[in-house]
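**Q** The listed protein sequences correspond, in order, to chains A and B.
Residue 1 is where the first sequence starts when you use our numbering, and the numbers rise one by one after that.
Residue 1 is where the second sequence starts when you use our numbering, and the numbers rise one by one after that.
One or more of the hints may lead you astray.
Identical copies go unnamed one by one, so any copy, or any two together, can satisfy a pair.
What the hints assert, rightly or not - Lysine-lysine pairs mimicking DSS-like chemistry, simulated, CA-CA at most 30 Å apart:
#  : residue 1 : residue 2
1  : K61       : K129
2  : K100      : K61
3  : K39       : K100
4  : K117      : K39
5  : K129      : K100
6  : K117      : K98
7  : K100      : K117
8  : K39       : K5
9  : K117      : K106
10 : K39       : K98
11 : K100      : K5
12 : K106      : K129
Since the hints were derived computationally from the structure, they do not count as laboratory data.
2 protein chains.
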Amino acid sequence: MTEIKSIGIIYSPYHSIEDMPVQPKGASGVEGCVILAEKYVDGLRDLAGFSHIYLLYSFHKATRTELLVTPFLDRQTRGVFATRSPLRPNHIGISVVKLKRVEGNKIFVDGVDILDKTPLLDIKPYIEKFDAVPESTSGWLQASAREISKKRSDNRFG
Amino acid sequence: MTEIKSIGIIYSPYHSIEDMPVQPKGASGVEGCVILAEKYVDGLRDLAGFSHIYLLYSFHKATRTELLVTPFLDRQTRGVFATRSPLRPNHIGISVVKLKRVEGNKIFVDGVDILDKTPLLDIKPYIEKFDAVPESTSGWLQASAREISKKRSDNRFG
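Model the full structure from these sequences, guided by the hints.
**A** Put into structure tokens, the structure is as follows:
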């Protein structure tokens, strides 16, 4: 067991799970603001030079674990590690978002698929040389980008 | 504070921090094996259809936090959130690795930049539609891919 702590709060227009986009690509143009606890503000130096960042956060509304889940994009149950479901053993989420600007301890981002007032765990720069995957296959997930952008979550993870 | 638990162990050829590649692109061809605790094995269903996965893990050798760090790829201090340094407030690391095969509770991967016997926290599928960033800028990090592939870490995070 390791203890992790919230280091800030992610604010978004999504006040309930029901109205959230399933993933960032469905959240393009959706602005959010990350407010980092003042004591960590020195850690933001140089961040503004990156166009994209990873946000790591707590799925704070997820209260249980299910090893088999039915994803929003599917009708069949899938292994939880083959999905982005919040119902994982450790309730940690990651999203790649576009960094708009940093003002003091506030980080303005675009493409947020995160619930309002979500506890922030970490910020990491997206570094193309490390993170980009030129070709990949996505298993069961065959939904088109257009389908994804239309999908909204429901209350199945409440 | 939230408790997170190790759900498995990541095995790699890197027995000490000194000999590790700095990031996965420096680790191409380096094979590793993730052994998931038996109780979570049902969660691996459908994972084999994905070519790449995120591993989330604990930087278990990092014992302190520094808000300003000198990255391996640089000579200047940078804000920790603009780097992948382990010395972050929450000692959580993420790496994108290539999935080779799944055998029971063993996941064989390629491109490992992770210390041997690192505690695993989560496995998530890499989903191009969600995670790919077509164009990005990487701020201070101007090292060429070739430089990165040659870089090895030293003991500054011990």
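**Q** A separate judgement is required for each hint: does it hold in the structure or not?
**A** Against the structure, the hints:
1. Taking the shortest alpha-carbon separations for K61 and K129, only the inter-copy value of 25 Å comes in at or below 30 Å, while the best intra-copy value is 34 Å.
2. Only within a single protomer do K100 and K61 lie at most 30 Å apart by alpha-carbon distance; the minimum there is 27 Å, versus 33 Å between protomers.
3. Taking the shortest Cα distances, K39 and K100 sit within 30 Å of each other inside one copy (22 Å), while across copies they are farther apart (42 Å).
4. Proximity of K117 and K39 under a CA criterion of 30 Å is satisfied intra-copy only: 19 Å inside one chain copy versus 32 Å between copies.
5. In this homomeric assembly, K129 and K100 come within 30 Å of each other (Cα to Cα) both inside a single copy, at 21 Å, and across copies, at 21 Å.
6. Proximity of K117 to K98 under the C-alpha cut-off of 30 Å is restricted to the intra-copy arrangement: shortest distance 19 Å within a copy versus 33 Å between copies.
7. In this assembly of identical chains, K100 and K117 lie within 30 Å of each other by CA distance solely inside one copy; the values are 19 Å within and 38 Å between copies.
8. When the C-alpha separation of K39 and K5 is checked against a cutoff of 30 Å, the pair qualifies both within a copy, at 13 Å, and between copies, at 26 Å.
9. In this assembly of identical chains, K117 and K106 lie within 30 Å of each other by CA distance solely inside one copy; the values are 14 Å within and 36 Å between copies.
10. Taking CA atoms no more than 30 Å apart as the test, K39 paired with K98 passes inside one copy only; the shortest distance there is 24 Å, against 37 Å between copies.
11. Taking the shortest alpha-carbon separations for K100 and K5, only the intra-copy value of 25 Å comes in at or below 30 Å, while the best inter-copy value is 34 Å.
12. Proximity of K106 to K129 under the C-alpha cut-off of 30 Å is found in both arrangements, the shortest distances being 27 Å within a copy and 28 Å between copies.
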